[in-house]
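Q: So the chains spell out like this:
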Amino acid sequence: MDLSLFVKPGQRITAALWNKMAAAARSCRILAGDGVRLRQTPDGTLISCSAWTPWNHPFKVSLSGTSATIGRGLVDGIEPKIRDVPIGGEEGKPQPKLEIRKPKFDDEGRGWIAVEVTCEKEKWTVEEATIVQVDDLKSKDPLKGLHPLVMLRDAGGGAMTLFQIEYFNLQHRADVREGGKSARHFFWPA
Amino acid sequence: MTIKATAWNSAVSRLRAGRPLGGCRVEVIGTPSGALVSADPSGRFEHPWKLSARWQQEQWRVFVRPGFVNGLDPTIPMERDGEQKEIGLTDPDRPYLTPGWRNPLASRGMGASLAGDLFELPAEGYPKFFETLGVRKAAAGSRAVEAYDPQGDSERTRELRACDIVLVTPRVATNQQVDIHDPFSEAQTVTISTVFNDSYARSVESKHRLLAVAKWEPPREPTAMDRLMGQAVEPQTDEIKIATLWMVSPPNPEGGEEAQPDGTWVAFPQYDVFWNLAHAPRRQIPAVPPKPITLRTGLIGGMADSIFNAILAPINDANSKVHAFLNATTFKGEYWTV
Chain A
0 MDLSLFVKPG
10 QRITAALWNK
20 MAAAARSCRI
30 LAGDGVRLRQ
40 TPDGTLISCS
50 AWTPWNHPFK
60 VSLSGTSATI
70 GRGLVDGIEP
80 KIRDVPIGGE
90 EGKPQPKLEI
100 RKPKFDDEGR
110 GWIAVEVTCE
120 KEKWTVEEAT
130 IVQVDDLKSK
140 DPLKGLHPLV
150 MLRDAGGGAM
160 TLFQIEYFNL
170 QHRADVREGG
180 KSARHFFWPA
Chain B
0 MTIKATAWNS
10 AVSRLRAGRP
20 LGGCRVEVIG
30 TPSGALVSAD
40 PSGRFEHPWK
50 LSARWQQEQW
60 RVFVRPGFVN
70 GLDPTIPMER
80 DGEQKEIGLT
90 DPDRPYLTPG
100 WRNPLASRGM
110 GASLAGDLFE
120 LPAEGYPKFF
130 ETLGVRKAAA
140 GSRAVEAYDP
150 QGDSERTREL
160 RACDIVLVTP
170 RVATNQQVDI
180 HDPFSEAQTV
190 TISTVFNDSY
200 ARSVESKHRL
210 LAVAKWEPPR
220 EPTAMDRLMG
230 QAVEPQTDEI
240 KIATLWMVSP
250 PNPEGGEEAQ
260 PDGTWVAFPQ
270 YDVFWNLAHA
280 PRRQIPAVPP
290 KPITLRTGLI
300 GGMADSIFNA
310 ILAPINDANS
320 KVHAFLNATT
330 FKGEYWTV
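Going down the list, the protein sequences come from chains A and B. Numbering that gives the first Met the number 0 applies: residue 0 is where the first sequence begins, and numbers increase by one. Numbering that gives the first Met the number 0 applies: residue 0 is where the second sequence begins, and numbers increase by one.
Hints in this document: simulated from the structure, not taken from any laboratory. Yeah, the Cβ is synthetic: ideal placement off N, Cα and C, and Gly gets one too. Among the hints, erroneous ones may be present.
Examples of chain B residues lying across from chain A (beta carbon under 7 Å, computed) [claimed, not checked]:
| id | residue |
| --- | --- |
| 1 | N8 |
| 2 | L14 |
| 3 | L35 |
| 4 | A38 |
| 5 | W100 |
| 6 | L113 |
Only pairs whose alpha carbons sit at most 25 Å apart, straight line, appear in this in silico SDA-like list of lysine to any residue [to be verified]:
| id | chain 1 | residue 1 | chain 2 | residue 2 |
| --- | --- | --- | --- | --- |
| 7 | A | K19 | B | M0 |
| 8 | B | K127 | A | R25 |
| 9 | A | K19 | B | Y334 |
| 10 | B | K49 | A | K19 |
| 11 | A | K19 | B | R13 |
| 12 | A | K143 | B | Y334 |
| 13 | B | K49 | A | T160 |
Work out the full structure: start from the sequences and follow the hints.
A: The following block contains the structure:
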């Protein structure tokens with residue numbers, strides 16, 4: 000704050016000084032920024048800040064050493080599996096872990112943990128979904144479609160950096176070509 | 000009226016004591032119109048594409064939290080080891096954008112009326128939020144009627160600059176080649192063939208790039224008529240604006256209207272995209288190039304109506320074929336959030 004606002008005995012309160020005081024009072028008004036709520040009362044302004052808590056979104060991947068756990072998520076209402084156990088776990092069974100002892104990376108050190116859907120041959124609807132670790136998001140089998148959940152970057156020395164890609168449950172449709180010889184698989188948030 | 004110095008000074012002290020200050024997990028930005036209190040961002044969820052602008056080595060550098068398109072991190076073109084390279088957003092040595100700025104407060108130029116009068120165009124303007132921060136009024140143009148502003152301009156002396164952060168996906172472009180055969184015969188044959196152009200896609204060596212531009216304009220897609228006339232120039236990129244970065248100066252910055260953002264300015268990002276993206280062309284590029292379409296149009300003038308009708312039917316058929324052909328030869332892509 001401008002310290003020239005303070006006066007000495009006998010000093011005149013000029014228009015300029017008065018205006019400076021008014022500007023200083025104005026600059027002290029409280030405005031609500033990001034994550035803040037204000038409630039003005041006769042006794043003052045109540046400032047409330049949002050408490051940030053971790054968001055446990057669908058398909059949230061946590062990496063611990065060489066294994067990854069994936070939060071419960073759905074593709075067309077089907078819960079993907081790791082070794083035949085749904086990713087969110089089953090009654091009496093712990094949440095399954097995807098073991099990545101030898102992670103697959105492409106030439107630039109990129110790999111993905113992805114959900115792989117397998118479509119039914121006639122209607123091309125999702126029959127089953129599994130979690131896989133891959134170094135390429137293209138599938139050779141037209142009935143299978145891959146959608147990345149996280150990217151893994153090779154950080155050297157066996158370490159990996161994880162970047163979350165998917166935050167929502169998913170819907171899927173296949174765009175079938177050449178009588179089923181090729182297909183494009185589209186995913187979008189449910 | 001006499002005000003005692005002690006009374007005045009105690010009012011100033013009370014005012015001073017009432018200033019909000021940033022404490023733990025709270026950020027306070029002082030403005031002439033008030034103090035903007037925000038919760039500290041360190042503990043909150045950070046979405047893909049989140050921008051972080053820093054003043055480093057006498058320039059503004061914009062870092063982007065990795066966002067993904069089809070599971071791939073876009074690249075930023077940067078000089079590394081004396082070479083121009085495409086650096087991925089997930090690269091351990093984080094790439095950054097060095098933007099050029101536009102002035103959204105300045106007039107966009109001059110216009111001319113049908114009567115030949117020259118006039119000044121209004122400025123681009125800015126979101127109302129920046130009024131609260133004390134950004135000066137944007138140029139209204141010489142035709143505008145000035146609205147009464149009770150707050151006046153005297154307190155709004157901050158400058159504003161902006162740039163756009165854009166995601167660019169190189170793609171195959173097509174254009175139509177129209178060949179007219181046998182011009183001297185009574186029947187004229189027109190062949191429309193498709194030419195593919197992937198020179199940009201091959202030159203950039205990156206599937207998706209992030210660029211900072213002063214002002215982004217969406218790529219202009221050719222119309223059906225452009226295609227039919229063989230004048231269509233399809234853009235070789237699909238583009239989407241990720242965010243606009245606004246820079247607010249301190250009050251009365253040095254240089255005034257010509258001031259350029261330096262370390263004393265504050266950055267405010269405004270996002271257009273929050274989530275990761277998928278991108279695909281509406282059509283797949285065919286393994287075999289599309290077969291050229293050939294039309295034979297009878298040029299018989301001055302005949303009876305019945306003959307015209309007989310001629311119009313094949314022309315209408317040909318018209319439908321042309322439309323179908325032209326629509327099938329664009330590989331414009333779409334983005335969607337995933």
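Q: Each of the hints needs a verdict: does it hold here or not?
A: Verification of the hints:
no. : hint             : verdict
1   : N8               : 5 Å, holds
2   : L14              : 6 Å, holds
3   : L35              : 4 Å, holds
4   : A38              : 3 Å, holds
5   : W100             : 23 Å, violated
6   : L113             : 46 Å, violated
7   : A/K19 to B/M0    : 19 Å, holds
8   : B/K127 to A/R25  : 19 Å, holds
9   : A/K19 to B/Y334  : 52 Å, violated
10  : B/K49 to A/K19   : 38 Å, violated
11  : A/K19 to B/R13   : 15 Å, holds
12  : A/K143 to B/Y334 : 22 Å, holds
13  : B/K49 to A/T160  : 18 Å, holds
Going down the numbered hints, you'll see the structure goes against 5, 6, 9, 10, while the others check out.
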